[in-house]
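So the sequence lines, in the order shown, correspond to chains G and L. If you count the first sequence from 1, you need to add 101 to reach my numbering. If you count the second sequence from 1, you need to add 23 to reach my numbering.
Do not rely on the hints blindly, as some may be mistaken.
As the list claims (entries may be wrong) - No more than 25 Å apart at the CA atoms, straight line, and that leaves these computed lysine to any residue pairs for SDA-like: (1) LYS229/L to ALA359/G; (2) LYS229/L to SER204/L; (3) LYS179/G to LYS229/L; (4) LYS120/G to SER193/L; (5) LYS120/G to LEU355/G; (6) LYS229/L to LEU355/G; (7) LYS485/G to LYS120/G.
Bear in mind the hints are in silico, worked out from the structure with no lab data behind them.
Chain residues, written in single-letter form:
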Amino acid sequence: MTKQPAAVIGIGQTHHRAKREDVSMAGLCREAIDRALLDAGMTFDDIDAVVVGKAPDLFEGVMMPELFLAEALGAAGKPLLRVHTAGSVGGSTAIVAASLVQAGVHRRVLTVAFEKQSESNAMWALSVPVPFVMPVHAGAGGYFAPHVRSYIRRSGAPTHVGAIVAAKDRQNALLNPYAHLKNPDTTVESVLASQMLWDPIRYDETCPSSDGACALVIADADTAASITDPAWIHGTVMRSEPTTAAERDQVNPLAGRAAAAALWKQAGITNPLEEIDAAEIYVPFSWFEPMWLENLGFAPEGTGWQLTEAGDTALDGRLPVNASGGVLSSNPIGASGMLRFAEAALQVRGQAGEHQVDGVRRALGHAYGGGSQFFAMWVVGAEKP
Amino acid sequence: MARTLSQPVTVTFDYTRSTGPVIGRFLTGLRDGVVLGGRTADGRVLVPPPEFDPQTHAATTDFVEVGPGGVVDSWTWVPEPVAGQPFDRPFAWALVRFDGADCAMLLALDADHDAIATGMRVTVRWADERVGAITDIACVEPSAGDLGFDTLAALAAQPAAGEPVTGVVSPISLDYLYAASPEESAFFSGLAEGRIIGQRCPVCHKVYVPPRGACPVDGVPTTDEVELPDSGTITTFCIVNVPFLGQRISPPYVSAYVLLDGADIAIQHLILEVPADEVRMGMRVEAVWRPRDEWGTTIENIAHFRPTGEPDADYETYRMHL
Numbered sequence: 102m103t104k105q106p107a108a109v110i111g112i113g114q115t116h117h118r119a120k121r122e123d124v125s126m127a128g129l130c131r132e133a134i135d136r137a138l139l140d141a142g143m144t145f146d147d148i149d150a151v152v153v154g155k156a157p158d159l160f161e162g163v164m165m166p167e168l169f170l171a172e173a174l175g176a177a178g179k180p181l182l183r184v185h186t187a188g189s190v191g192g193s194t195a196i197v198a199a200s201l202v203q204a205g206v207h208r209r210v211l212t213v214a215f216e217k218q219s220e221s222n223a224m225w226a227l228s229v230p231v232p233f234v235m236p237v238h239a240g241a242g243g244y245f246a247p248h249v250r251s252y253i254r255r256s257g258a259p260t261h262v263g264a265i266v267a268a269k270d271r272q273n274a275l276l277n278p279y280a281h282l283k284n285p286d287t288t289v290e291s292v293l294a295s296q297m298l299w300d301p302i303r304y305d306e307t308c309p310s311s312d313g314a315c316a317l318v319i320a321d322a323d324t325a326a327s328i329t330d331p332a333w334i335h336g337t338v339m340r341s342e343p344t345t346a347a348e349r350d351q352v353n354p355l356a357g358r359a360a361a362a363a364l365w366k367q368a369g370i371t372n373p374l375e376e377i378d379a380a381e382i383y384v385p386f387s388w389f390e391p392m393w394l395e396n397l398g399f400a401p402e403g404t405g406w407q408l409t410e411a412g413d414t415a416l417d418g419r420l421p422v423n424a425s426g427g428v429l430s431s432n433p434i435g436a437s438g439m440l441r442f443a444e445a446a447l448q449v450r451g452q453a454g455e456h457q458v459d460g461v462r463r464a465l466g467h468a469y470g471g472g473s474q475f476f477a478m479w480v481v482g483a484e485k486p
Numbered sequence: 024m025a026r027t028l029s030q031p032v033t034v035t036f037d038y039t040r041s042t043g044p045v046i047g048r049f050l051t052g053l054r055d056g057v058v059l060g061g062r063t064a065d066g067r068v069l070v071p072p073p074e075f076d077p078q079t080h081a082a083t084t085d086f087v088e089v090g091p092g093g094v095v096d097s098w099t100w101v102p103e104p105v106a107g108q109p110f111d112r113p114f115a116w117a118l119v120r121f122d123g124a125d126c127a128m129l130l131a132l133d134a135d136h137d138a139i140a141t142g143m144r145v146t147v148r149w150a151d152e153r154v155g156a157i158t159d160i161a162c163v164e165p166s167a168g169d170l171g172f173d174t175l176a177a178l179a180a181q182p183a184a185g186e187p188v189t190g191v192v193s194p195i196s197l198d199y200l201y202a203a204s205p206e207e208s209a210f211f212s213g214l215a216e217g218r219i220i221g222q223r224c225p226v227c228h229k230v231y232v233p234p235r236g237a238c239p240v241d242g243v244p245t246t247d248e249v250e251l252p253d254s255g256t257i258t259t260f261c262i263v264n265v266p267f268l269g270q271r272i273s274p275p276y277v278s279a280y281v282l283l284d285g286a287d288i289a290i291q292h293l294i295l296e297v298p299a300d301e302v303r304m305g306m307r308v309e310a311v312w313r314p315r316d317e318w319g320t321t322i323e324n325i326a327h328f329r330p331t332g333e334p335d336a337d338y339e340t341y342r343m344h345l
């Protein structure tokens with residue numbers, strides 16, 4: 102199976118905030134799109150197709166928002182696809198856009214993902230009671246907290262590792278002008294002192310609720326040749342698995358492991374810890390950093406926390422993780438996955454500004470969604486594959 | 024008894040929409056008693072104004088007052104209105120092209136069926152109280168007289184008053200019937216008799232509770248019924264300290280995965296009769312049933328689980344469930 106080379110040549114995102122009351126959903130998307138088109142040196146006339154993604158419709162209460170958004174997204178007269186894979190959707194959407202180019206169907210594809218969480222309440226939207234079932238559900242935090250407890254038990258990790266992640270990502274966010282949370286005083290100690298929300302997850306170990314969007318222009322080799330610093334796509338993988346199954350491993354899900362193995366193979370990577378220079382990993386709750394480090398194969402099972410504790414995932418570490426501040430600092434859910442993919446591309450292009458990691462040649466973008474059942478990831482690199 | 028159980032569910036929320044500058048301008052106009060269109064680069068006037076120009080993609084900035092009179096381009100009769108529609112008596116939906124506009128807008132038309140015709144002139148009937156929402160246009164109605172000028176509607180126009188509209192509240196309410204699968208229905212019906220019913224996969228031999236009808240791993244029907252005891256082991260859990268909208272149990276509470284003895288998948292339930300900070304992985308627990316006369320076809324027949332006092336289960340017995 103031979104794919105056409107494809108590259109990210111335009112990147113745009115909004116300033117993520119708790120409430121963007123100054124713009125509509127269309128306006129929010131356009132803010133990111135206009136920046137991505139400007140970055141690519143293009144206009145809508147240059148775009149062949151549009152791929153849009155967002156998380157569950159209950160978040161904004163608009164069924165199939167792509168219908169009313171079509172015109173504002175510049176999709177009139179062009180193919181418009183909407184992708185939906187829960188929290189991983191931003192990543193899946195970028196992959197669908199990339200695949201249209203890699204398949205040779207289109208040359209220049211615009212992709213955008215967004216969430217306007219201030220229009221409702223995600224905690225409510227994720228906890229709507231189901232008849233006959235015990236109403237113990239308590240949002241995403243309530244869902245993931247027991248699995249975080251399982252990770253701590255299985256790995257024997259010291260209980261402050263989650264706080265290390267949260268403090269690191271919040272400090273990184275100070276270097277990212279688009280990040281939502283700007284809390285300069287966050288330290289490991291302050292995280293540990295914050296309120297226990299879903300024991301063992303503390304308030305400062307959770308992601309915020311944000312309004313925001315992210316857009317990318319993905320193009321074929323001929324188009325990418327015209328710009329100086331494309332981020333070439335070296336591999337893309339999506340995998341899924343059942344939400345629940347007997348003895349399903351929710352700490353180290355099979356679909357994530359399989360996706361990572363396939364991704365490294367596609368990208369020609371044999372030792373990801375050595376060969377990946379920066380990683381943007383979907384970490385909505387702090388402990389998912391060590392969990393996903395293991396799931397992605399950066400560390401043997403049960404040892405991911407050692408990389409975090411040793412400072413290897415810090416901005417100046419061996420494998421900087423979430424130099425942008427990550428999901429812990431900005432979480433427009435539908436866009437959060439695409440932001441990981443976009444930040445990986447920014448790192449490869451050397452355009453990450455103050456949170457740029459030195460000398461990035463290859464970077465990982467990663468997203469997961471649902472009950473850790475959807476995975477989407479890509480590797481981008483400075484060199485044409 | 025019906026083969027499957029069902030129950031009505033209503034999901035409601037008041038969504039808060041930020042309008043952005045273009046829709047905000049349109050709604051501000053309605054509040055002030057004028058209908059505004061947006062002029063596109065090719066000179067057309069579209070109502071409501073599009074946020075972005077369909078050809079140039081630039082944000083709409085040129086607003087034009089249209090109406091309040093207009094022409095019916097097409098219409099359809101609604102003989103039996105449903106809840107939430109503008110009238111509780113028969114009315115028409117009409118595509119109304121306001122004077123000065125180049126496209127039609129869908130609005131309710133309040134008129135007798137026999138008085139409606141394509142091409143008829145209509146005018147806006149404003150709501151008694153205008154708040155800056157689409158419902159400020161109560162409907163359109165046949166124009167009075169042949170002047171082609173709609174005096175009463177025009178008189179409603181008033182100078183801009185108050186702050187520009189930047190948001191609207193959209194109350195949404197969804198009513199639907201939740202239907203449990205036949206296998207879940209058997210499970211819930213069993214609970215009404217104090218029994219816990221699972222099913223075993225004939226391929227992997229895993230016992231699912233509640234039963235699924237099909238094994239999610241092997242994809243084959245799970246036909247072998249298994250009755251399970253009401254005791255088990257806590258695999259993992261969290262303590263919910265956070266209050267939220269729609270919550271039905273007051274925090275703090277322990278939400279735990281309980282692996283019933285003989286089952287291969289844990290169920291989520293509440294742990295009580297023990298301080299939250301003493302709940303442990305591996306703790307042995309048993310169901311506390313509500314009084315029999317309160318039972319229904321629901322897992323809530325089990326009020327909660329409580330410790331049995333037995334020694335904790337060996338880690339190896341539940342390790343695969345973490």
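Ascending list of hint numbers which this structure does not respect: 3, 5, 7
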